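Asker: Respectively, the protein sequence lines represent chains A and B. To convert, count from 1 in the first sequence and add 2; that's my numbering. To convert, count from 1 in the second sequence and add 2; that's my numbering.
Please keep in mind that the hints were generated in silico from the structure rather than gathered at the bench. The structure displayed is predicted, hence computed values, not measured ones. For each residue, glycine too, the CB sits at the ideal point set by N, CA and C. A portion of the hints provided could be inaccurate.
[As the list claims (entries may be wrong)] Distance condition first, Cα-Cα at most 20 Å in a straight line; then the derived EDC-like pairs of lysine to aspartate or glutamate: (1) B:Lys342 <-> B:Asp300; (2) A:Lys67 <-> B:Asp86; (3) B:Lys67 <-> A:Glu80.
[Claimed, not checked] Quick look at which bits of chain B chain A covers, simulated, 3 or more residues with Cβ under 8 Å: (4) 102-112; (5) 149-158.
[Stated by the list, open to error] Non-contacting residues of chain A with respect to chain B, defined by C-beta distances greater than 12 Å in every case (computed): (6) Asp74; (7) Ser75; (8) Val135; (9) Arg149; (10) Lys215; (11) Asp275; (12) Glu277; (13) Asn330; (14) Asp335; (15) Arg375; (16) Pro400.
Protein chains: 2
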Amino acid sequence: MRSAIGRALLFSIGAYQLAFSQTVSATQAEPLEGTPASTNAPGAQYPRINADRSVTFRVHAPEAKFVGFRIDSIYAAERNAAGDWTARTKPQVPGFHYYWLIVDSVRVNDPSSETFYGTGKQTSGIEIPEPGVDFYDVKKVPHGEVRERWYFSSTTQTQRRAFIYTPPGYDRSRVRYPVLYLQHGGGEDERGWVVQGHVAAIMDNLIAEKKAKPMLIVMERGYAVRPASATPPAASTGAPSVPDRFAGLAAFPDVVVNDLIPMIDSTYRTLTDREHRAMAGLSMGGMQTFQTTLNHLDKFAWIGGFSGAGGGFGVPGAVPLDVKTSYNGVLADSAAFNRKVKLVWLGLGTAEPQRMHDGIIAFHKALDVAGIRHTFYESPGTAHEWQTWRRSLREFAPLLFRGGVEKQTASRGAGRPRSGT
Amino acid sequence: MRSAIGRALLFSIGAYQLAFSQTVSATQAEPLEGTPASTNAPGAQYPRINADRSVTFRVHAPEAKFVGFRIDSIYAAERNAAGDWTARTKPQVPGFHYYWLIVDSVRVNDPSSETFYGTGKQTSGIEIPEPGVDFYDVKKVPHGEVRERWYFSSTTQTQRRAFIYTPPGYDRSRVRYPVLYLQHGGGEDERGWVVQGHVAAIMDNLIAEKKAKPMLIVMERGYAVRPASATPPAASTGAPSVPDRFAGLAAFPDVVVNDLIPMIDSTYRTLTDREHRAMAGLSMGGMQTFQTTLNHLDKFAWIGGFSGAGGGFGVPGAVPLDVKTSYNGVLADSAAFNRKVKLVWLGLGTAEPQRMHDGIIAFHKALDVAGIRHTFYESPGTAHEWQTWRRSLREFAPLLFRGGVEKQTASRGAGRPRSGT
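Start from the sequences, fold in the hints, and give me the full structure.
Answerer: Now the structure itself:
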C-alpha cells in the first residue's frame, strides 16, 4: 500500500517534472549571452535578450528543412549539428512585440514563449525592457484589481465578457468613481490591455504617485453583431463562414451605450454623468471610440485615440471625414463642441507605418482646421505597438476627470523623428 | 487630406482583416463534417468535432515532411495536393484535452486553436462537448467575478498573483463569506481553474440553483521558493538553471498560511475562522492541499483532493504515508481528527492512468483503515483531465460550509468501470 501511494506521488511529481523539463535546455558548457526574456515559458532559456537589445531565438528541430523567426522581419535560423536552429535579430525597439516561428512553411508559435491574443489568434510575444523605464511594472504599491465579468447583451443576444480595472481601495471606500472605457486593436480582444498593455500596473503606479485620479477602466471585446446580421458558423452545412469585416464591428457602439454602460453603472459604484465617463482605444479601438463617443456626446466628455483616428466605419474610403456632416455634424460648431467636450486626445508613435502615421496626422490637422481643441502626443521611436499605447495611457489617464484641464492644441513629444516602415 | 484619413482607416481595417483572414479557410465546395470546436481561434474551421466525438485536425503545411497531432495518442496526418494535412482521431472522451501539433519533429501549438497554460507552457486545447451537460457553461444567471490581484509575499519576497472568484452580489451585500483555496496541477498555473476549469461558470450555476453556498475561491500560483533557495536565472553567467522540482514547491504552504490567507482576510469580507476555510487541489495541487491543511488544522476544516492523494513532499518514495507519524501525527487519533475536520473529500476519474488510480485508491483505503472519515467520488469514464476536476468541484463545493454535513465513508459514483490507458 505504501508503495502504491509512493507511485501516486511519483506520478504527480513526474507530471510536474515533465512540465518543466520540456522547457529547460540541457546543461551546456559555453557561456550564454544575454538573459531569457520575461515573456518566456518558465525555465526556457530562449529567446534571450542581448545587451544591444538584439534577440537570440532558438528552437530544436532536427528534422526541419527551414526554420525562421518573424519579428520586425523574418530571420532565417542556422542549424547546428545537434539540430538546434538559432537566429539573432537586429537590435529591437523596447516594448512588447508579437513574433512567430516558421517551420517548413508553417507559421506557429515559439514553444519557448508565453502566447498573447493578437493577430486574430494566440501569438508568441517578447518583452524588450526599456532601460530605466518601469511605469508598467508590478511594483510594491497598493494594487487594484482586474475583474472578469460576463453579462448578457440585449444587442447581440449573447453573453459577453468584459474586464474591469478597479482602483486600490475600491472595496473599502464608499465613494463613486469615474469610468474610462478602453478598447484594444484589430485582431486583439478584451485581454489585450490586461495582458499586453499592463493596464493595472500602469494605473496602480500612476495612482500611487497621485498622477491620475482613481477610476474604473472597462475593457470589452469590441466585435459585435446583431443576431439578424450574424454570420452563422459553418456547422455541418458545409458553407464556411467568412466574416464580413465591417458587419463584425457594426453593433459595438450599441453594445457600449445600451448594454455595457448600464451594466457597469448598475453593478459598480460609478459616477454616471457624462463628465465622469471617458472612452479611448488603440488603432481599430480608436476608430470605434470616435464612432461611439461623437455619436453619443450625451454620454461621454473625454475622448482618446491611440494610433487610431476618427473617420467612421463602412466600406473602405467611402466615409472620409467631413467636419460639417460626419458624426451627425457634431464637429461643425467647434465652439459648442469645445464647450461640451472636456478632452480630445490623439497619440501615435513616431515610427508607425507611414500611411498610419500620415492618416493620424491628417486627422489631427483636420481637427485644427475645424477649430476642435485637442491634445496631440507623439511617442518617440515606437511603432504601431504596445509601447506606444502604454505610453499613451500614461499620458492620457492623468488628464482625465480634472476640473481645470488645460486643453492644448500644441503638439507634445519629441518632434517628428521618423524611422522607416 | 481626406484620402490620407481614408488610408489610415484602410490600414486599421486591413490589420483587422489580416487578423481574421489568417484563420478562415478558403471557400470549399464539399460539405464539411462536424462543427468547429468552441476552443478554436475566431473563424478557424479546424479542428472539427464529428458526431461520434472524433476530431478532425487540419493544418496547411505544403513544405512539411511529417505532420502529426498528439491528443490521446499521436495521429499522423495525410497530405493532399494543396498541402493541407488532415488527421481524424478516435472518438474522444468529453471535456477538455490538451493537444499539440508536430511539424517535422517540432512540437508546437496548432495555429487554429486557442492556447492554455498547461504542460509547463502554452498548449493547444480542445473542448469536446458532453451531450446534455451544461454545468460549466456560462448561462443567463447572476454572475460573480474573477478578480486578478497582485500581492507581496514576505515568504518569497516577490509580487505574486492570485485569482479570486467572488460570488454574485458580493459587492452589494454586507455579509462575510467562507473561502475555498483551490489549486491547479503540475505544469499548470493560477489560470488553470479560471480558464480550463470554468470555475466561475460552475459556481455561478451551483449558486443560482442553491446547490452551493456563496463563497470566495482563491487560486494562487502553486510554485514558491524562498529567496535563499531560489535557483537564479541563468542570466549571462552561462549556467543554465535547471529548477529543483521539489524546492520549487517547498515554500508554498508558508505562502498560503503566512501571506495569502492574511492578504485575503484583510482585503475581502471573509469569515476568518477555520470552520469557514477550505482547501482543495487537483493532482499536484491535491498533494499540496494535504501538505498545507494537515499541518495547519488550526486554519482549515474542509479538505479536498481531486486526483491528488496525500503523501507529503520530498524525494520520491522517501515519504510514504504513515498514519502514526505523517503530518505531525494528526491522523493517529482518528476520533479527534473526525471531530475536528468537517470534510475530507477524495475524487478521481475511473479512466485515470493505472498507477495514479491505484495510488489514490490506496490512500482512500489507508484513510479507511485509519478510521478517518471521508467522502470518495469516482468520475465515470474520465481520466487525469479537467472533466474529472470540473465534476469534482461540482460534487465538492455543495458539501462545503454546511452545518449538518453527512460525512460518508461509502463510495459514490458509478462503481469502478475501468477503461485502459
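Asker: All hints are to be evaluated individually against the structure, with a verdict given for each.
Answerer: Now the hints, each set against the structure:
no.	hint	in the structure
1	B:Lys342 <-> B:Asp300	9 Å, holds
2	A:Lys67 <-> B:Asp86	18 Å, holds
3	B:Lys67 <-> A:Glu80	19 Å, holds
4	102-112	holds (count 8)
5	149-158	holds (count 6)
6	Asp74	16 Å, holds
7	Ser75	17 Å, holds
8	Val135	18 Å, holds
9	Arg149	4 Å, violated
10	Lys215	21 Å, holds
11	Asp275	21 Å, holds
12	Glu277	24 Å, holds
13	Asn330	18 Å, holds
14	Asp335	20 Å, holds
15	Arg375	19 Å, holds
16	Pro400	22 Å, holds
Hint violations for this structure: number 9 only, all remaining hints satisfied.
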